[in-house]
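Protein chains: 2
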Amino acid sequence: MTTDRERTGPAWGTFLELESPAEGPLHARLARALRIAVTGGRLAAGSTLPASRVLAADLRCSRWVVTEAYAQLVAEGYFEARSGSATRVRAPAGPAGVRGGAREDRGRWTPRFDLLPGVPDLRAFPRKRWADMVRAATTELTWDELGYPDAAGLPRLRRQLASYLARGRGARVESGQLVVCAGTLDAVMRLCRGLRAAGHTDIAVEDPGWTQLRLTVAAAGLTPVAVPVDEHGLRVDLLRRAAGVRAVIVAPAHQFPTGVVLAPSRRAELADWAREVDGLVMEDDYDAEFRYDRHPVGALQGVAPEHVALLGSLSKTLSPAVRLGWIAAPERWTDALTAKATGGAPPPVIDQDAFTRFVASGSYDRHLRASRLRYKRRRDHLLRELEARLPGRPVSGAAAGFHLLLPLRDCPAGAVVDEAAQADVRLASLDDYRAAPAATGTPTASTLVIGYGNLTDQAVPGAVQRLAHAIERVQAAEHGTRVRRPG
Amino acid sequence: MTTDRERTGPAWGTFLELESPAEGPLHARLARALRIAVTGGRLAAGSTLPASRVLAADLRCSRWVVTEAYAQLVAEGYFEARSGSATRVRAPAGPAGVRGGAREDRGRWTPRFDLLPGVPDLRAFPRKRWADMVRAATTELTWDELGYPDAAGLPRLRRQLASYLARGRGARVESGQLVVCAGTLDAVMRLCRGLRAAGHTDIAVEDPGWTQLRLTVAAAGLTPVAVPVDEHGLRVDLLRRAAGVRAVIVAPAHQFPTGVVLAPSRRAELADWAREVDGLVMEDDYDAEFRYDRHPVGALQGVAPEHVALLGSLSKTLSPAVRLGWIAAPERWTDALTAKATGGAPPPVIDQDAFTRFVASGSYDRHLRASRLRYKRRRDHLLRELEARLPGRPVSGAAAGFHLLLPLRDCPAGAVVDEAAQADVRLASLDDYRAAPAATGTPTASTLVIGYGNLTDQAVPGAVQRLAHAIERVQAAEHGTRVRRPG
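Taken in order, these protein sequences are the chains called A and B.
Everything in the first sequence is counted per our numbering, starting at 1 for the first residue and increasing by one.
Everything in the second sequence is counted per our numbering, starting at 1 for the first residue and increasing by one.
Please keep in mind that the hints were generated in silico from the structure rather than gathered at the bench.
Honestly, I wouldn't trust all of these hints.
Since the list gives no way to pick out one identical chain from another, each pair is judged satisfied if it fits inside one copy or across any two copies.
[Claimed, not checked] Here are the simulated DMTMM-like pairs of lysine to aspartate or glutamate, each with C-alpha atoms no more than 20 Å apart in a straight line:
#, residue 1, residue 2
1, Lys376, Glu276
2, Lys376, Asp410
3, Lys376, Glu68
4, Lys376, Asp418
5, Lys128, Glu140
6, Lys376, Asp293
7, Lys376, Asp230
8, Lys376, Asp457
9, Lys376, Asp121
10, Lys128, Asp457
11, Lys376, Glu387
12, Lys128, Asp424
13, Lys128, Glu174
14, Lys128, Asp202
15, Lys376, Asp207
16, Lys376, Glu80
17, Lys376, Glu231
18, Lys128, Asp144
19, Lys128, Glu269
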């Protein structure tokens, strides 16, 4: 006869293979089964074992059998027991908690000087304030709101976003046009699915551009068509000539990675094109909040709301860890973006509510203001160091965002990237972002892309020094001379 | 000459259209621009206005101009100012905070008695404990971890999940095979993209089944092929006959919506089929943790790990608000699931770390145990009430999960669903989940699907009473008699 408690326990009974009674007393068989589960990796380090009475009920044995088996494994060093808390599986060597394992986990290179573009200042993430907002959201969401969420996102967040985008980005958006999503790539994926359903086959992307955008277009079953970017931004004249293309992904406020701001005449041309072909411009507004020489250029969406979908996210303004973004799309596209059939699910409603509170309390505006000031100071510092160590190179793309371009006419950027990696400096070459390799000899053929978002202020001089040395070494190798690598 | 502070302010200057100086003094023009922003909806109720010195710097005017304009709008009732806090846009009528607006937001029906299947007990969501875990995660994640996340998910979460799935579900999984995702539909979408890339064109789904699965398969560009379910589960013999189908989505532990547990012989047949066609079974393990008459059936994945991808999520065990799930796939599929090119991004790393802590601390096991007991009691209560009010109907599918089937041979289930809605009771008909309408007269042709996950214990008798009345009224209408609707 079993009780409810026994029936509703976890499936430890089926998990542990207790062998046949012939193999010895039950407590020894249990200890053996637990040992095998640990050494075989089925019971991970740090896992909590069930309380002895729970496991005993589950195995339909006496509690003594379990405490005996646990004691055996504690004695053998597989388990650890502390008075007042549950028995746990001990880490293989020393007391490695959840945190301790973090670094060995990744297997990724974490360079001392990280100049890879696209990562914001993670040290400025407002951990405490964000945790407060999440706690308030978790506590105060209605029971109902903890259920399946509104496919377009929390209505009060959409209202806050509509207001923020009007105020901060000059957008013309009703909250009904806004769809909350997980970030820019999720936004592009949803729009591309909608475009495919509407008969589109080819989507123009900027070249050079963010590689992930091209891959996402292709993953949605569409063909990315690379259109060159020059010093005024997207070559709209070449876009016009791309037959069958009626949609484009473009970053007018601060092109990635060139940093070019789309020239006013090009903006007008692009809006005209979209109207003429009855097409869609996907405006990637990824770091538009950070402009240093003047007010941010308003969103193109505000100029042609019928033909522009404005895409934004918190990945550059707060952290990619939050995974929250939005799409302000022309009304005829919003259904396609939220239809469950396109596979797009909204981000966690707790995070949506937390961000609503973050915006409504003014914290987001304050955070943006402080970030802008911090990035501008760091940029100015970086520009001074670059001028001191690598004088006479016309840096470009530095008016906004947190990366800039450094031309290297005299040596290949790829070699500098490799050489810098030897000195624990990570950065990128402009060629890394091209759909097709640029012809050598063209003005932008050898150019470094230098990010300074996630670089501490103190690290700026050291990073530039190592970069300058890397360039010297590559130049020397190119010219057949040797430069000693500093120790 | 502008200062950094002015340059780095928000774009209020471009947002507010201040007209020409001829239109009156600056403070009056500013007040007008702010008023238009509120009435036009560009400044939402509850928005915080910038501090007067910030806006003054931004507009390059004196602070007095701003305080004067704000005072005007406070006087007019557009803004509200409280000493010590920022000026805000007042809600249109009365003090409607973020929370107050929640209900009017939704425009969704929130019935008094919600028997729609698939929603867990949202009132049991461990709000405080979850908020504690999120706070710990937000505080303790390394700076590096706040950056772009590991595409397969946080490694320490994958280790915890591998251990949990082995322990709780009898799965055979290495953490390297696990991919963390946003839930079951996200998992299906990723797998389908991988399958399409590998040349699959048709995917079998259960009929009746969860409608969203069919839609997701179609959204991935594949054709869903409906295969009938009988009282032993999926008709594997019919699956065999479906030419060109080498992948299937199935819920062996508790089929949705029939509640059938896949019979042992069918399990073996299904594993054989997958091996023979070198195919993939996507095992939807949505509510397998909740089995009442015996230990949960182990996952099919444990039997045929080379050909089964096990899909799980927190949507039924914690809340759909968390949006966290996992895929334990055969190794040859894991690359396809994490390749950025398939557009799948991992869920927020903060939530991943919070759930890692939730599992490692034993809270998840405790929560599951408590939930299982609660659902079992509620199910027993519901079964007693159904027997008392609607005697002699052979309820089925009640051995697991938190929904069951009630056959209605004598009247159409769709009409009962509509009639019950009039009495503020929401539930579903089995026909709602069919790929093609069942022939009338077949045993399952008229069947209600009754969920009890998100029903309070107190509401059980009232819900059954109203349901019984609705059935009576439909029966009476079918037979041409009238039954008075109770007030």
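Tell me, which hint numbers fail for this structure? 1, 2, 3, 4, 7, 10, 12, 13, 14, 15, 16, 17, 19
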